[in-house]
Amino acid sequence: MARILSYRQALSEAFRQEMERDPTIIMLGEDIAGGKGAPGDQDAWGGDMGITKGLIGRFGEARVIDTPISESAFIGAAVGAATCGLRPVVELMFVDFMGVCFDQIFNQAAKFRYMFGGKARTPVVIRTQIGAGYRAAAQHSQCLYPLFTHIPGLKCVVPSTPYDAKGLFMTAVRDDDPVVFFEHKLLYDKAKGDVPEAPYTIPFGEAAIVRDGKDVTIVALARMVHFAQDVATDLAKEGIDVEIVDPRTISPLDEETILDSVAKTGRLVVVDEAYPRCGMAADIASLVAEHAFDDLKAPIRKVTPPHTPVPFAPELEDAFIPSRARIADAVRSVMRA
Amino acid sequence: MSERIHAITVPKWGMAMDAGTVTGWHVAEGQSVAAGQDVLDVESTKIANAIEAKVDGTLRRIVGQVGDTLPVGGLLGVVAAPDVPDAEIDAFVAGFVVAPDDGEGEGGPRTRTVVADGRAIRVQETGAGEETVVLVHGFGGDLNGWLFVQPALATTRRVVALDLPGHGGSTMDVGGAGVAALARVLEATLDALGVERAHLVGHSLGGAVCLVAAGRASALTLIASASLGPAINGAYIEAFLAAERRKEMAAALGALFADPALVTRPMAEDVLKAKRIDGAQAALRAIAAACFPAGRQADDLRGRLAGLRIPAQVIWGLADRVIPVAHAEGLPAAVAVHRLDAGHMPHMERAADVARLIAALGS
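Chains as they are written, first to last, in the numbering used here: chain A, 1 to 337; chain B, 338 to 700.
Source of the hints: derived by calculation from the structure; they are not laboratory data.
Glycine is no exception: its CB is placed at the ideal position from the N, C-alpha and C atoms.
There may be inaccurate statements among the hints.
As the list claims (entries may be wrong) - As a list, the in silico BS3-like pairs of lysine-lysine whose alpha-carbon atoms are at most 30 Å apart:
id : chain 1 : residue 1 : chain 2 : residue 2
1  : A       : K264      : B       : K391
2  : B       : K391      : A       : K214
3  : A       : K214      : A       : K192
4  : B       : K584      : A       : K264
5  : A       : K190      : A       : K111
6  : A       : K297      : B       : K584
7  : A       : K119      : A       : K192
8  : B       : K584      : A       : K302
9  : A       : K237      : A       : K214
10 : A       : K237      : B       : K612
11 : A       : K190      : A       : K53
12 : B       : K612      : A       : K192
13 : A       : K302      : A       : K190
14 : B       : K610      : A       : K264
15 : A       : K214      : B       : K612
16 : A       : K192      : B       : K391
17 : B       : K584      : A       : K192
18 : A       : K190      : B       : K612
19 : A       : K190      : B       : K610
20 : B       : K610      : B       : K584
21 : A       : K53       : B       : K391
Said to hold, decoys possible - Take a look, some chain A residues computed to stay more than 10 Å from chain B by CB distance:
id : residue
22 : L86
23 : G167
24 : R211
25 : D212
Turn these sequences into a full structure, and let the hints guide you.
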């Protein structure tokens, strides 16, 4: 059992197992087959992060399709193929580039089921990278998942562990609605964990309780879950017992687990790497303020970046990303209140 | 290490455990302890249990204070005879080195998949010795359910725990899904492991499986066993099958224990992880339909106990809410019956007692 995989390996395994199971699954994206479309370059890369390496060799070019650098075209093609009976998994390298195909996603994919009275299905998975800390500057470092969470009709998945990445991907690809699947680029190799070899699914809308605790609830996503775990270990030495809730999917959002946790601890710190305005931290803070105000023993604290683009200077980028020290300070402050 | 001085260390309850936290001491420094006596309580991230003294003596030092978290193998306390000088005890504590926790390494559990009757079966082996004990879990469980009894048995025995088809890391192909089909898989697994005869220990549905496979048993221990009577808590089976979320599963699992508070969220999460493997839900439904149709048990194997020519015993929890303890009545006189203060999971709730009973029957 104890089979330790990285986030990258868990995803690669999930893609392979699902494509073996279901011949209607196809993959599209820039360089996912290896690069440049030239036969000699096939399988050389497997996407810019190597996650799809090996798939074209196994499944062939009819199912693993390198696309031109034209996001609006290939996202639109994937959405259209989904309405016609295929299950496309389309990779848009960085979420930062998603702006050019918002209409395909926000107004087409997200609305088909609704506007055709439930007669249309759009089983497409849009995979994309999020996250700062890669020294890749303002256009390759954002989280942006709040934009998609804002749109009814889209499901949004933000896995933090290899186990969750594999199981949530399998749920995503089997789902009949459009799913946007956000992979944090700094977790591909750094997040490691136990992953069953057999295929399995994790239901959307069930948060993970990453750590049981009684004093403070930290709600965190993606890379911030790992920061929260480090902080919780340190704060345990100060006698502060932290509970960590990872929603895993932000649309749908498991409100019940968050509210149950706050009912127990009475204190909430939300940690999010996305911009603070109209983001998940604000959304979760408002949920708790509205429904669990009487449970709160202290004000809700949010730990997020400032409302600025992601800086390129390494020192500034590090200062931008919520740090373990800032998370710890926020937890200590609600303990004092 | 001195033979006069005995270390109490953090045990390894399952592969995932890397540390334990002291939650309470039952004995004060300077008090005497007897082998088998509960000395302190420890909890891991997943489970809490008592640690008992391995030898008679005096608790000379408490090293792990309440609230302390120590790595697996870390020193919790020291037991020695009262005449051992304090200086020697202090030197022992100062010089204590935590053995590396090598997980799958020598002495630790070795998990692998064997092919039995053409099907992949996950087995976990611990310990070595002339006697082999084979542990067979119940409906919806897996080999991790034996984590509290495995270490005690493995000190002088080869201990094999397996996942039945439809469970844990084994195949989801349950074949005929009934007790007889599962027993054939057990026998084929013994073949694959080169085990001719073993002390078969089965819990609940696993008990019925062991009873059918008793031809391969050198001794037989049935814990809260199925197939010794018609009654079963059908509502529990249905709630277990229906539960898809952590909260529902935690509520369902409460029926297993005399004290439902023993069910933790990580425990419910682990059970769900197994159920979410592709094919597991269908496999479990097939087994439930074959073994427990319409809230009754399909098989009555009481007759088989009468013909046994091997040592056999039945262990049952007095507060069992899944299969009634009344099923332990009216068994052949040669079969010893032990009723414990527990629910449906005596091997978790009264692990030390169950391990002792298994060890005593086999020897």
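Each hint tested on the structure:
1. With a CA separation close to 38 Å, the supplied pair A:K264 and B:K391 exceeds the 30 Å bound.
2. Taking the CA atoms of B:K391 and A:K214, the gap is near 34 Å; set against the 30 Å cutoff, the hint is violated.
3. In summary, the hint linking A:K214 to A:K192 is supported, as the alpha carbons are separated by about 27 Å, within the 30 Å threshold.
4. For the hint pairing B:K584 with A:K264, the CA-to-CA distance comes to about 15 Å; that is within 30 Å, so the pair holds.
5. Of the supplied pair hints, the one linking A:K190 and A:K111 is violated, its CA atoms being roughly 37 Å apart against a limit of 30 Å.
6. For the hint linking A:K297 to B:K584, the alpha-carbon distance of about 25 Å falls within 30 Å, and the restraint holds.
7. A hinted pair counts as satisfied when its Cα atoms are at most 30 Å apart, and A:K119 with A:K192 does not qualify at roughly 41 Å.
8. Between B:K584 and A:K302 the CA atoms are separated by roughly 27 Å; this keeps the pair inside 30 Å, and the hint holds.
9. Distance hint between A:K237 and A:K214 is fulfilled; the C-alpha atoms sit about 15 Å from each other, no more than 30 Å.
10. At roughly 36 Å between alpha-carbon atoms, A:K237 and B:K612 are farther apart than 30 Å, so this suggested pair is violated.
11. Proximity of A:K190 to A:K53 is assessed by CA-CA distance (about 19 Å); at most 30 Å being required, the pair is judged to hold.
12. Proposed proximity of B:K612 and A:K192 is supported: the alpha carbons are some 22 Å apart, at most 30 Å.
13. A C-alpha spacing of about 25 Å is found between A:K302 and A:K190, which places the hinted pair at or below 30 Å, so the restraint holds.
14. Taken as a hint, the B:K610 and A:K264 pair is honoured in the structure, with Cα atoms around 25 Å apart against an allowance of 30 Å.
15. At roughly 28 Å between alpha-carbon atoms, A:K214 and B:K612 fall within 30 Å of each other, so this suggested pair holds.
16. A distance of roughly 37 Å separates the Cα atoms of A:K192 and B:K391; the hinted pair therefore is violated under the 30 Å criterion.
17. Between the alpha carbons of B:K584 and A:K192 the distance comes to roughly 27 Å, so the proposed pair stays at or under 30 Å and holds.
18. Taking the CA atoms of A:K190 and B:K612, the gap is about 28 Å. The hint holds against a cut of 30 Å.
19. Proximity of A:K190 to B:K610 is assessed by CA-CA distance (about 23 Å); at most 30 Å being required, the pair is judged to hold.
20. A hinted pair counts as satisfied when its Cα atoms are at most 30 Å apart, and B:K610 with B:K584 qualifies at roughly 14 Å.
21. For the proposed pair A:K53 and B:K391, the alpha carbon gap of about 54 Å is over 30 Å, so the pair is violated.
22. Distance to chain B confirms A:L86 as a non-interface residue, since its nearest Cβ pair spans about 21 Å, more than 10 Å.
23. Here A:G167 does not stay apart from chain B, with its beta-carbon only about 7 Å from theirs, under the 10 Å limit.
24. At roughly 8 Å, the least C-beta separation between A:R211 and chain B is not larger than 10 Å, which violates its mark as non-interface.
25. Annotated as non-interface, A:D212 brings its C-beta within 10 Å of a C-beta of chain B; the closest such distance is 7 Å.
Hints 1, 2, 5, 7, 10, 16, 21, 23, 24 and 25 from the earlier list are contradicted by this structure; the remaining hints agree with it.
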